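Engineer: Use the sequences and the hints to build the structure in full.
2 protein chains.
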Amino acid sequence: MHRHFEEVEGELKNQILSMGSLVEDMIHSAIQGLAERKNEPLQKVAQNEEQVNRLHIDVDNRCLNLIALHQPTATDLRFIIAAIKINSDLERIGDQAVNISQTTGFLLAQPQLERKLLDIPRMAELAQSMLKDSLDAFVRKDVPLARTVLDRDAEEDQLKSESFNELMQLMQSDSSTIQRALGLILISRNLERIADHATNIAEDVIFMALGKDIRHHAEEAE
Amino acid sequence: MHRHFEEVEGELKNQILSMGSLVEDMIHSAIQGLAERKNEPLQKVAQNEEQVNRLHIDVDNRCLNLIALHQPTATDLRFIIAAIKINSDLERIGDQAVNISQTTGFLLAQPQLERKLLDIPRMAELAQSMLKDSLDAFVRKDVPLARTVLDRDAEEDQLKSESFNELMQLMQSDSSTIQRALGLILISRNLERIADHATNIAEDVIFMALGKDIRHHAEEAE
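Protein chains in written order, with my numbering: chain A, 1 to 222; chain B, 1001 to 1222.
Treat the hints with care, since some could be wrong.
[What the hints assert, rightly or not] Okay, derived cross-link-like pairs now, DSSO-like style, lysine-lysine, Cα gap no bigger than 30 angstroms in a straight line: (1) B:1013 <-> B:1038; (2) A:160 <-> A:38; (3) B:1044 <-> B:1132; (4) A:38 <-> A:116; (5) A:132 <-> A:38; (6) B:1038 <-> A:160; (7) B:1044 <-> A:38; (8) A:160 <-> A:116; (9) B:1141 <-> B:1038; (10) A:44 <-> B:1160; (11) A:132 <-> A:44; (12) A:160 <-> B:1013; (13) A:160 <-> A:44; (14) B:1013 <-> B:1044; (15) B:1044 <-> A:160.
Calculated directly from the structure, the hints in this document are not laboratory data.
For clarity, every value in this text was computed on a predicted model and none was experimentally measured.
Structural biologist: What follows is the structure, given as structure tokens:
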């Protein structure tokens, strides 16, 4: 009476991709609000969050039912476990986008600090590309693509450190900038964390595809 | 040929509790280094991290094997899925403790900023109690205890906001404090995030025990 595993697997992939699109859009909208100094995009973030939260619960329940009904083993089981973990990461990426949006709301009520937002737009772009590629790697079981995500995490960390140092100098030279510079520091931390979640997703994809754990530097030279 | 599920379940609980003790100890040591201005406790953080990373991989593999061999359903399956999620949260709490330890290393190389560390020791204590109780709730399947963890998260957020405001005022009144105050702000964010992970664990415990998802305010009045 059970449907083929491939069929339910396909539905699960689509649901994860839908969540992925929603959270990518949340990051994009939050940073758009910041860069263009507009409140409208921030409303989009709040709207998407509700949908993401609903999907988060749906995906978990679907995965539990899948395991109970199909009793998958080996690759199929690793696929579902990866989906459960990716589901959590996506929900938490959504939370980070909400935090960015809230800080942006505060910043928009203040005079503009910098015409150019230092490395923040680049950090957002990089984090979004990491997220997108980690999910594409998941649905295609594409290990080389997942590895490119891991490689990009160091660049995100580098950009975060540079922004941090520039903003600290700005605060030190002009104390009237402190509150706003702090806001930008928090936003760059949120973006770094989004990149970390994308990295976690990529690691789960590699584990799923190879049955090999590459976390914690367990990976050896190839 | 399979051992009883209860036996392997007991081993899994013990492994999760071991990880829990290691990461609690990491938080404790990092904050001890900060409060007592000593570098020695920070070395403990790095040592424990290696063990946590090994356990993280072991627990995931054990859970996968458990599902594949025992094909659990209902409560038993929810227990294993909860263990997989809690395992990720514990590993990430360890990462936060490492971040606190690194920032503390920087602060110890500077003159002391404040004799009293504002609300930070209290935040650490609260986050540790939330972590401990969320894990006790997991092994005992104790829903009322898990609920007390959820209740404490608001206090942690409140303490974080108060510290943030005090530190911002300090920076504004004396720009020589900016670097150090920023360090403390980052540490209080790390502690808040640890409390968030403990909250996630408590939510997973409630889901596991009741088969009911209380995340995202889906819970109704009882």
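Engineer: So, for every hint listed, does it hold in this structure?
Structural biologist: The hints, checked one at a time:
| no. | hint | result |
| --- | --- | --- |
| 1 | B:1013 <-> B:1038 | violated (34 angstroms) |
| 2 | A:160 <-> A:38 | holds (24 angstroms) |
| 3 | B:1044 <-> B:1132 | holds (19 angstroms) |
| 4 | A:38 <-> A:116 | holds (15 angstroms) |
| 5 | A:132 <-> A:38 | holds (25 angstroms) |
| 6 | B:1038 <-> A:160 | holds (28 angstroms) |
| 7 | B:1044 <-> A:38 | violated (47 angstroms) |
| 8 | A:160 <-> A:116 | holds (15 angstroms) |
| 9 | B:1141 <-> B:1038 | violated (39 angstroms) |
| 10 | A:44 <-> B:1160 | holds (27 angstroms) |
| 11 | A:132 <-> A:44 | holds (19 angstroms) |
| 12 | A:160 <-> B:1013 | violated (38 angstroms) |
| 13 | A:160 <-> A:44 | holds (26 angstroms) |
| 14 | B:1013 <-> B:1044 | holds (24 angstroms) |
| 15 | B:1044 <-> A:160 | holds (27 angstroms) |
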